[in-house]
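Trainee: Just so you know, the protein sequences line up as chains L and V, in that order. The first sequence begins at 1 in this note's numbering and counts up by one. The second sequence begins at 1001 in this note's numbering and counts up by one.
Wrong hints could be hidden among the right ones.
On the chain L side, residues computed to face chain V include the following (Cβ under 8 Å) [what the hints assert, rightly or not]:
(1) Phe33
(2) Met39
(3) Met40
(4) Gly42
(5) Phe74
(6) Phe91
(7) Gly107
In silico DSSO-like cross-links for lysine-lysine, where the CA-CA straight-line distance does not exceed 30 Å [unchecked claim]:
(8) L/Lys24 to V/Lys1038
(9) V/Lys1070 to V/Lys1003
(10) V/Lys1070 to V/Lys1038
(11) L/Lys68 to V/Lys1016
No wet-lab data here; the hints were simulated from the structure. By construction, the Cβ of each residue, glycine as well, lies at the ideal position given by its N, Cα and C atoms.
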Amino acid sequence: DAGVIQSPRHEVTEMGQEVTLRCKPISGHDYLFWYRQTMMQGLELLVYFNNKAVMDDSGMPKDRFSAKMPNASFSTLKIQPSEPRDSAVYFCASSPIGGSPLHFGNGTRLTVT
Amino acid sequence: AQKVTQAQTEISVVEKEDVTLDCVYETRDTTYYLFWYKQPPSGELVFLIRRNSFDEQNEISGRYSWNFQKSTSSFNFTITASQVVDSAVYFCALSALSGSARQLTFGSGTQLTVLP
């Protein structure tokens, strides 16, 4: 079992640039979540999908963030344009059904200078 | 709305001491799950336990034990005979199953440091 795979592990970019984070969930998991972790806000849910459909994106700043899940094995989180306040660790997680434990990827550490 | 409160920001103990991490939650749902996750210094989030709202039985797994009390909306985590490898941030989380609220709401975490 490969686990949830995120790429890249680290990303350093300049303010105003576009950033794309990628996630491959565990095969067979119908739920996919994107969380952001910062010192100030802790772990915040940005968006989650069920069977590739967005179920809740109320935590995502929609003017600059967009999340897609074009197929069951791939999701992206895009930030355009990036800002220094977007610096955080972004976690992707998946689960087979609602209420079951989330399996987290190793995260992407994003630094926007 | 869901809320999880971990009032202890940081705890420091000496190896072999017992330590309890507190978690208090709020939800209007009658059906929900509670979780604990561990985040070691390497940064990954590791699932430890899940409890559903209808099962108040306490659970023990090795040196770890969990005390779930619906009457006080608490789900506390005790590590017995702590070890240096237990040093990590521990998160309590809640998932209610009503409507689309199936995401995990996390507490702010408790940083546990176990000193040798």
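Trainee: A separate judgement is required for each hint: does it hold in the structure or not?
Mentor: Hints, one by one, checked against the model:
no. : hint                   : in the structure
1   : Phe33                  : 6 Å, holds
2   : Met39                  : 10 Å, violated
3   : Met40                  : 10 Å, violated
4   : Gly42                  : 5 Å, holds
5   : Phe74                  : 20 Å, violated
6   : Phe91                  : 7 Å, holds
7   : Gly107                 : 6 Å, holds
8   : L/Lys24 to V/Lys1038   : 22 Å, holds
9   : V/Lys1070 to V/Lys1003 : 15 Å, holds
10  : V/Lys1070 to V/Lys1038 : 23 Å, holds
11  : L/Lys68 to V/Lys1016   : 47 Å, violated
Checked against the numbered hints listed earlier, the structure breaks hints 2, 3, 5 and 11; every other hint is satisfied.
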